[in-house]
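Enquirer: This is what each chain is made of:
Protein chains: 8
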Amino acid sequence: LDEIDIKILKILQENAKQSLEDMSEMLKLPKSTIAYRIKRLESQGIIKGYYAHIDPYALDQDYIVITFVRAKYGKDYHLNLGSKLAEIPGVWGVYFVLGDTDFVVMARYKNREEFMKNFLEKLMSMPEIERTSTQIVVKTIKEAPNIVIY
Amino acid sequence: LDEIDIKILKILQENAKQSLEDMSEMLKLPKSTIAYRIKRLESQGIIKGYYAHIDPYALDQDYIVITFVRAKYGKDYHLNLGSKLAEIPGVWGVYFVLGDTDFVVMARYKNREEFMKNFLEKLMSMPEIERTSTQIVVKTIKEAPNIVIY
Amino acid sequence: LDEIDIKILKILQENAKQSLEDMSEMLKLPKSTIAYRIKRLESQGIIKGYYAHIDPYALDQDYIVITFVRAKYGKDYHLNLGSKLAEIPGVWGVYFVLGDTDFVVMARYKNREEFMKNFLEKLMSMPEIERTSTQIVVKTIKEAPNIVIY
Amino acid sequence: LDEIDIKILKILQENAKQSLEDMSEMLKLPKSTIAYRIKRLESQGIIKGYYAHIDPYALDQDYIVITFVRAKYGKDYHLNLGSKLAEIPGVWGVYFVLGDTDFVVMARYKNREEFMKNFLEKLMSMPEIERTSTQIVVKTIKEAPNIVIY
Amino acid sequence: LDEIDIKILKILQENAKQSLEDMSEMLKLPKSTIAYRIKRLESQGIIKGYYAHIDPYALDQDYIVITFVRAKYGKDYHLNLGSKLAEIPGVWGVYFVLGDTDFVVMARYKNREEFMKNFLEKLMSMPEIERTSTQIVVKTIKEAPNIVIY
Amino acid sequence: LDEIDIKILKILQENAKQSLEDMSEMLKLPKSTIAYRIKRLESQGIIKGYYAHIDPYALDQDYIVITFVRAKYGKDYHLNLGSKLAEIPGVWGVYFVLGDTDFVVMARYKNREEFMKNFLEKLMSMPEIERTSTQIVVKTIKEAPNIVIY
Amino acid sequence: LDEIDIKILKILQENAKQSLEDMSEMLKLPKSTIAYRIKRLESQGIIKGYYAHIDPYALDQDYIVITFVRAKYGKDYHLNLGSKLAEIPGVWGVYFVLGDTDFVVMARYKNREEFMKNFLEKLMSMPEIERTSTQIVVKTIKEAPNIVIY
Amino acid sequence: LDEIDIKILKILQENAKQSLEDMSEMLKLPKSTIAYRIKRLESQGIIKGYYAHIDPYALDQDYIVITFVRAKYGKDYHLNLGSKLAEIPGVWGVYFVLGDTDFVVMARYKNREEFMKNFLEKLMSMPEIERTSTQIVVKTIKEAPNIVIY
Ligand SMILES: [Mg+2]
Ligand SMILES: [Mg+2]
Ligand SMILES: [Mg+2]
Ligand SMILES: [Mg+2]
Ligand SMILES: [Mg+2]
Ligand SMILES: [Mg+2]
Ligand SMILES: [Mg+2]
Ligand SMILES: [Mg+2]
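Residue numbers (the working numbering), protein chains in the order written: chain A, 15 to 164; chain B, 15 to 164; chain C, 15 to 164; chain D, 15 to 164; chain E, 15 to 164; chain F, 15 to 164; chain G, 15 to 164; chain H, 15 to 164.
Hints are computed from structural coordinates only; laboratory data are not their basis. Please read all numbers here as calculations on a predicted model, not as lab measurements. Just so you know, not all the hints are guaranteed correct.
What the hints assert, rightly or not - With a cut-off of at most 25 Å between alpha-carbon atoms, the simulated SDA-like pairs for lysine to any residue come out as follows:
no., chain 1, residue 1, chain 2, residue 2
1, D, K24, D, R51
2, F, K124, C, L134
3, F, K86, D, R51
4, E, K153, G, D114
5, G, K31, H, I161
6, C, K156, C, P70
7, E, K153, F, N94
8, C, K45, D, Q32
9, F, K53, F, E35
10, F, K31, E, S38
11, F, K131, C, N125
12, E, K98, E, M140
13, B, K136, H, I161
14, E, K153, F, A100
15, C, K21, C, S38
16, C, K153, F, S147
17, D, K156, C, M40
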């Protein structure tokens, strides 16, 4: 990854629809070079895809939770549990952490009823779980996971 | 938002580069209808942008942290602190929660040194903070904040 | 529910014995209208009943506790436990919460002995419970659950 | 308080509109005796009033919270804080407890926005508070504070 | 218990060897009255005995601990455990409390080795225990359990 | 301290009124020897006094608390605070410990009102205190601080 | 151990290669005396060996952790667990402590992957463990376990 | 650092007095090569010195503590505090960690009195400290910080 790659990534992480013409002008490089490099970044798996950013609040997904999950201790429990948590509809983030909890789970639902039915009840029937604790997000101040180059 | 809008969003949240031709076929609708609706979703602010999804690990950003921040109690402290946290380079998520902590902060750095210099030292000089506690992410099992329609 | 309903409810939540005459005067409405609306609020289940408010302290019920109950993790455990807790004599409130505990239980007893025999010993033989922690209320500063319209 | 008083209270705590006729039959006592005793219970302050029980959920008050408040240490801080908490609109219960927190506060709001504006922001500007932690009630399993005789 | 009894108890709780002559003079009462009342306080079980107060530090018992014991949840577990804890040599106080722990245990040993062999290892083999946590006393500022009248 | 001293102490810690005759027989030693040794133990400060053991419950002192006190950090704070806590009427034990709290305080009161007035309000006006947490004792399973030789 | 021994130990704990000539001069004692005393300290087991002090950071061992391990309660569990923890490659310190955790474990690894494979996965398959919590060391400010005489 | 360096370090970390002859035989290399490489490892700072390992218990240093220190929040507080902690006699390890505490401090003393005077009182007068909590080590199961190559 050289400096030009970084510049290209920086543009695309904020606007995947930036035209080659504009990028060519911004970077003072021929369009073909930029096109070639983007292809390479894609084939190397550095660019994993392109997505539309939909506002969760606009879709009434305002019951946003961060749940801390403590697994029971035992071989492969953590491994299995991580995958199961990731498959729950509404869950968009699952992080395995060191510390008092094992997993930090990020999820969004339309309301309390959906949260209980789609999330909480599912968790309560997973035998690998020892304990969960849920924090309600009252305000999303920043959510820009697309920004990797800063 | 009718069912067609939802279908369009569902496609775009996973692949912003899906062609109108393909979408037309998938949804059995004329390309013009789809194009019109996408424009409308954009102008309504439901689609907030299009991003390239860059793999943080590919860029060696593997010092990933979740930090819990407790603000001092006082008028406007929480408001100010939220904005300040959001401006720290490397921070991509700031959530205001109810519970034992006030903010859950998500951030990525290349290594411990960067984390300390760019993040921890900045936090330590913010007078609104009473206490922080940081969890190191040892594995990102899922990170798909783009998936809003599920 | 229109504004008149709200005004009627506001009066009745504080004084269920307010006469139709007085209400008619306060609301500048015929008695028959008020009577009709009260009936409707009752049949809609918005007014669930009328209660005498008895002072617990006057009946020497001054061993007042708030108990936090943590259920074992397992399918239907929480559901069953909630009902069982609600049936314990002396328990007047059972709330299922998100966070470090699962249930917040409000109860009143005449003294420590009654509390131990009627409450604590019952809890200790419920297999769904992992842990309880009890806080003694030293002063009830406000207890007005009847006030819903404020 | 003799056994008859207790029986009268037990009836009225569940149905304040029970007629003297019915009570007379239930208790095998003349109506005048019952009427006299009710008056006495009222004048002694044992019956503090009569209220209609309104269903909070029917009024869309489903953002129900239990907040733990820790006061700063200092003369009269606890006393003052208790009164201030009790005056916040939406707060129906304030209990002063021994243990890791000082006050358990029960409150109901229509939604997150109301909760933040009417409750959380008020708390954040009270100088007597060191710390709060809020639990969201996901289900009210029992709420019958009227039941004092059991 | 009248005021004279209280005065007698107050003297004896600090000096069990106070002579009847002195007490007679202090209380302006005949010796026979005092002797009679002491006998009565003994036979009523108000005075449970007389003991010499030995200085633990003088006997090199300076490894003083306060241990918090959390019992497993289950019928009679707490009852049984309380008795078992009380029988451990070196344990002089066992209190059943409400809150995060179930028992507060006070004990004294000559040194770490004695503490481990006589106390900790015994606790570790009690199946009713879920968890213990021990605090080392670095200074006994006051220990006067004999003072009941103050 | 030889074995005979230990035997004498063991008798006196349980019964300060044991007669010299009985002790002489129990220990197979002349009364004069025993009397001499007791005097010596007293003058060495090993025996610090003789107390009547009064039953707190018989005197209606059944509001028994164990309070954990956390001092503010600062030079001499702990020293001063320890003495102040020891002087509160009703407090019979003050232990300076290592760990999450600084002082474990044992106290007895007749009821909640006495506890609040004589204890809690005093604590709340001590500027050296950062935080207290109180556990109510529901049962004293053992309280025999006189037993030093075991 | 007399004062000369202490002086010798003080020199050797910082520099095991100090020559007998230099030590002779520093301590004003014949070389033979010093040599004799060192031998004696070695044979008494007071000097347990001589080590090269290797800088862990120079060997890229900068993923340094302090892990708190809570054992399940049960006879010999703690004993067995202590030994098993001590045998894990990368673990250099295992301390059995009183308090909320049972073992404090110090370990060093080259990176997160090594830490997970060599340490965390091993812990997760030990049946004696109830819970672990890991703190990442961001800076080693002092590490001089060789300094015993100070 | 090649494989031969690693082998040399592995020998010296366990026995700094291993002779060149023995090492030559073990590694099948001329003594001069080994001598040259050791010098290089020393001048590169990879070998930071050689020390005698003295048994703390043999010197009666059996009051061993692990103290968790939480710093007040503020610019440079952590930096200053780390250095101050490292200078306290008896402290051999100071680690700056992420999580609920800021510093983990390892120290050894002869007894409680030394611990209080040399350590605890010093900490209590450091204005940068918000809170400490100390765990007593009851058994050192492993302490081999010299083992870096494993
Ligand atoms: Mg919603
Ligand atoms: Mg990296
Ligand atoms: Mg009572
Ligand atoms: Mg609502
Ligand atoms: Mg000792
Ligand atoms: Mg009482
Ligand atoms: Mg590394
Ligand atoms: Mg010692």
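Enquirer: With reference to the structure, classify each hint as holding or not holding.
Expert: Against the structure, the hints:
1. K24(D) with R51(D): holds, 13 Å
2. K124(F) with L134(C): Holds, at roughly 22 Å.
3. K86(F) with R51(D): This hinted pair is violated, its Cα atoms lying about 55 Å apart.
4. K153(E) with D114(G): With Cα atoms ~21 Å apart, K153(E) and D114(G) stay inside 25 Å; holds.
5. K31(G) with I161(H): holds, 19 Å
6. K156(C) with P70(C): Answer holds: K156(C) to P70(C) is near 13 Å, not above 25 Å.
7. K153(E) with N94(F): Cα-Cα ~13 Å, so holds.
8. K45(C) with Q32(D): Distance of about 22 Å is within 25 Å: holds.
9. K53(F) with E35(F): holds, 16 Å
10. K31(F) with S38(E): holds, 20 Å
11. K131(F) with N125(C): Since the Cα atoms of K131(F) and N125(C) sit roughly 20 Å apart, the hinted pair holds (cutoff 25 Å).
12. K98(E) with M140(E): Holds: K98(E) and M140(E) sit about 9 Å apart, inside 25 Å.
13. K136(B) with I161(H): Judged against 25 Å, a Cα distance of about 35 Å means the pair is violated.
14. K153(E) with A100(F): holds, 13 Å
15. K21(C) with S38(C): holds, 11 Å
16. K153(C) with S147(F): holds, 16 Å
17. K156(D) with M40(C): Roughly 34 Å separates the two Cα atoms, so the pair is violated.
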